[in-house]
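Here the protein sequences come in this chain order: A and B. According to the working numbering, the stretch in the first sequence is residues 241 to 499, in order. According to the working numbering, the stretch in the second sequence is residues 2 to 585, in order.
Simulated from the structure, these hints should not be mistaken for laboratory data. These figures come from a predicted structure and were not determined experimentally. No false leads were mixed into what you were given.
Simulated pairs of lysine to aspartate or glutamate, EDC-like, Cα-Cα distance not exceeding 16 Å: (1) B:Lys249 / A:Asp287; (2) B:Lys497 / A:Glu272; (3) A:Lys410 / B:Asp324; (4) A:Lys410 / B:Glu332; (5) B:Lys153 / A:Asp379; (6) B:Lys499 / B:Glu190; (7) B:Lys497 / A:Asp304; (8) B:Lys99 / A:Asp448; (9) B:Lys249 / A:Glu290; (10) B:Lys99 / A:Glu390; (11) B:Lys153 / A:Asp448; (12) B:Lys153 / A:Glu449; (13) B:Lys99 / A:Glu449.
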Amino acid sequence: MATPTLDKVSSPGQDAGHLVTVTFRIRRFNPEVSAEASWQDFEIRIDPKERVLDALHQIKWEDDGTLTFRRSCAHGICGSDAMRINGRNRLACKTLIKDITEIKDGVATKPILVEAIKGLTVLKDLVVDMEPFFQAYRDVMPFLITKGNEPTRERLQSAEDRERFDDTTKCILCAACTSSCPVFWNDGQYFGPAAIVNAHRFIFDSRDEGGEQRLEILNDRDGVWRCRTTFNCTDACPRGIEVTKAIQEVKKALITRRF
Amino acid sequence: MQIHKYDTVIVGAGGAGMRAAIESTKRSRTAVLTKLYPTRSHTGAAQGGMAAALANVEEDNWEWHTFDTVKGGDYLVDQDAAEILAKEAIDSVLDLEKMGLPFNRTPEGRIDQRRFGGHSRNHGEAPVRRSCYAADRTGHMILQTLYQNCVKEGVEFFNEFYVLDLLLNEVDGVRKTAGVVAYELATGELHIFQAKAVVFASGGNGKFYKVSSNAHTLTGDGQAAAWRRGLPLEDMEFFQFHPTGIWKMGILLTEGARGEGGILRNKDGERFMEKYAPVMKDLASRDVVSRSIYTEIREGRGCGPDGDHVYLDLTHLPPEQLDAKLPDITEFARTYLGIEPYTDPIPIQPTAHYAMGGIPTNVEGEVLANNTDIIPGLYAAGEVACVSVHGANRLGTNSLLDINVFGRRAGIAAAEYAATADFVDLPENPEQFVATEVERMRESTGTERVSVIRRELQETMDKNAMVFRTEETLKEAVEDIAALRERYKNVSVQDKGKRFNTDLLEALELGNLLELAEVLAVSALARKESRGGHYREDYPDRDDVNFMRHTMAYREVDADGNESIRLDYKPVVVTRYQPMERKY
Numbered sequence: 241m242a243t244p245t246l247d248k249v250s251s252p253g254q255d256a257g258h259l260v261t262v263t264f265r266i267r268r269f270n271p272e273v274s275a276e277a278s279w280q281d282f283e284i285r286i287d288p289k290e291r292v293l294d295a296l297h298q299i300k301w302e303d304d305g306t307l308t309f310r311r312s313c314a315h316g317i318c319g320s321d322a323m324r325i326n327g328r329n330r331l332a333c334k335t336l337i338k339d340i341t342e343i344k345d346g347v348a349t350k351p352i353l354v355e356a357i358k359g360l361t362v363l364k365d366l367v368v369d370m371e372p373f374f375q376a377y378r379d380v381m382p383f384l385i386t387k388g389n390e391p392t393r394e395r396l397q398s399a400e401d402r403e404r405f406d407d408t409t410k411c412i413l414c415a416a417c418t419s420s421c422p423v424f425w426n427d428g429q430y431f432g433p434a435a436i437v438n439a440h441r442f443i444f445d446s447r448d449e450g451g452e453q454r455l456e457i458l459n460d461r462d463g464v465w466r467c468r469t470t471f472n473c474t475d476a477c478p479r480g481i482e483v484t485k486a487i488q489e490v491k492k493a494l495i496t497r498r499f
Numbered sequence: 002m003q004i005h006k007y008d009t010v011i012v013g014a015g016g017a018g019m020r021a022a023i024e025s026t027k028r029s030r031t032a033v034l035t036k037l038y039p040t041r042s043h044t045g046a047a048q049g050g051m052a053a054a055l056a057n058v059e060e061d062n063w064e065w066h067t068f069d070t071v072k073g074g075d076y077l078v079d080q081d082a083a084e085i086l087a088k089e090a091i092d093s094v095l096d097l098e099k100m101g102l103p104f105n106r107t108p109e110g111r112i113d114q115r116r117f118g119g120h121s122r123n124h125g126e127a128p129v130r131r132s133c134y135a136a137d138r139t140g141h142m143i144l145q146t147l148y149q150n151c152v153k154e155g156v157e158f159f160n161e162f163y164v165l166d167l168l169l170n171e172v173d174g175v176r177k178t179a180g181v182v183a184y185e186l187a188t189g190e191l192h193i194f195q196a197k198a199v200v201f202a203s204g205g206n207g208k209f210y211k212v213s214s215n216a217h218t219l220t221g222d223g224q225a226a227a228w229r230r231g232l233p234l235e236d237m238e239f240f241q242f243h244p245t246g247i248w249k250m251g252i253l254l255t256e257g258a259r260g261e262g263g264i265l266r267n268k269d270g271e272r273f274m275e276k277y278a279p280v281m282k283d284l285a286s287r288d289v290v291s292r293s294i295y296t297e298i299r300e301g302r303g304c305g306p307d308g309d310h311v312y313l314d315l316t317h318l319p320p321e322q323l324d325a326k327l328p329d330i331t332e333f334a335r336t337y338l339g340i341e342p343y344t345d346p347i348p349i350q351p352t353a354h355y356a357m358g359g360i361p362t363n364v365e366g367e368v369l370a371n372n373t374d375i376i377p378g379l380y381a382a383g384e385v386a387c388v389s390v391h392g393a394n395r396l397g398t399n400s401l402l403d404i405n406v407f408g409r410r411a412g413i414a415a416a417e418y419a420a421t422a423d424f425v426d427l428p429e430n431p432e433q434f435v436a437t438e439v440e441r442m443r444e445s446t447g448t449e450r451v452s453v454i455r456r457e458l459q460e461t462m463d464k465n466a467m468v469f470r471t472e473e474t475l476k477e478a479v480e481d482i483a484a485l486r487e488r489y490k491n492v493s494v495q496d497k498g499k500r501f502n503t504d505l506l507e508a509l510e511l512g513n514l515l516e517l518a519e520v521l522a523v524s525a526l527a528r529k530e531s532r533g534g535h536y537r538e539d540y541p542d543r544d545d546v547n548f549m550r551h552t553m554a555y556r557e558v559d560a561d562g563n564e565s566i567r568l569d570y571k572p573v574v575v576t577r578y579q580p581m582e583r584k585y
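This is chain A alone, in the form it adopts within the complex:
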């Protein structure tokens, strides 16, 4: 006897009663084909408990193989599939279809809009150039800086000191925050929320001794002062990081030089 396979419900053709009709309206762009971007509709039958990523796969695998997007882990930890879904930045793998659409008589009442995140150059369909984003990250010296001799065992850190920067250690560098920021859209030079979050992660780590250097970098004209606290970044973060709060804490540290 073989291993019991447990996929009865999700097997194709079975339990079709779960399926609803949804139109995905996807922003397509491929400079090999056309210099202009355009919207394309795909109508599919899918279980509304599935993820938007599952829908994109279904379209790519069964209908149009040219549809292009990044993805890897498919459960919100690798940060590959940030995209703009119904006008809001989300991870496609953490967004269930049922949570963003209204179903009436087995049909979604409105199409689901999917497009690339904003503020970074679109290379093809939902794929953007991530290089400027990672450059801003690298610019804030995102690594522990210490002076003096290393201890033989671990550095000690109290549970409270560890808790101080816990929120900003959750960042998966998906760019959902940075590409939701109106300042970043209008000014390509701004470091953007993600870089500041990662600076915060070290500035408030009791083991780190590079806080002053990092604060000087963020004190730059393209640094932390460009933030206008619109809270878009906090709303966009798929990890639930209080991004705007972290940025405010960095601003405060710049004024008081206490952190």
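Dock chain B against the given chain A, drawing on the hints supplied.
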């Protein structure tokens, strides 16, 4: 086509690749080629922790850790390698802390530790707190910390470069490493990287199963590249099924949940692991727990209308403990199942998780061409490799450890080799294999679809080569895979372009999965015993007389170009532990 020249090339930027890169960049001119941006690697999905006998919270030592690793691996572990793993674990964790990793802390400010499956005090007496952790996102923290330190060290990355071929060339009758061939995803251009030393750290191959905790991108690219160049693959029949994947989705819910006190229950609410593992209970090794779950399901004690899953019960744990220690997995339950873990048990089933087998190496990370000889200049570390520290079943928290210990070793060894070795001449037309494959795929007018063949592969693997196996099911798997490989020759892609052609990429990945699935099934069919993750219902006992040895599979091609798999075996290295009956 572009040609690059580096002393050391590392393939893959997960934990093992970046740990290697931090070492080799200090010692040699190094390039890291990675299919994904480094922080996208699946190391980031690891949750529960990294084992090391720090003894921060209770008595522990590396010898106990070695024993647990050997026993956990059902005595197929090479004991010299396990000893290195357990000894170097301690510095490995401390190194990560010094690099900045934010471990959870004890009240005294030391690295906190918790229980994990199969890790015990004094050779199986009772569970021990050995797993060093950062909430339930230890892998995420390791991946971020290693990337941060790569930024610090100025490691040179080639992101979204997909390595498709390994270049070897004969020098005075010895096959040596010459470099690799990569496909640049953004442009479709081919790149030759000539290198003195190459380190494969490209991860696992768990996407040939349907219910899998593995990322879509874990398609065994490194194993397949080595395989196609005639290098052996070791112990591929040993694949780990993690007991607690989210029902039907396969998303991992850490064993740390049981380490924190979570309990597995059947439809009667019974804590069934007490029957199967009286001492370690829910914290028995993963192979034991996965088989127990399926035994419950088969005997009609599964949950839900179809009786096809069991529950992971966390409801007796205080919400504060769940928030502090298991925040991510409780959120997964809320996001994907709409379940509140404070009050409701979580439906789970075993999920394909980890390849114990892979490219055989010695403890320096040098790749073996057979039972004794190495390929000079070629290294492998992490899930792609088989040292073998995991034997027939890996213990939880030993993979994050493996990538750090053996990633570091491979990085140092590769760079030191590159410091004295000469470049090996590239073979003639080095890009030929990849160029032909890519062109064939792009221009094919075949009628088969990648997604259909992949789904059928996953279905036969889940049905026939998962937790329970028999002669009959494995033969069916071998036949199915052979038929799918024939159909694969007739596959075509819709995207004919050069730019970010992920349609083409998926087709090439499927080719790798098919080849490796066949190695798994053929190796499993020949192993007429049950050991660790390989359970044969027709041979339910371990057979140390005939099978306490590693499988070494080789790809053979005859004069007419017909492929076959030849199986050979390699002795297990035994130092201090003679095989005993395995009870938890």
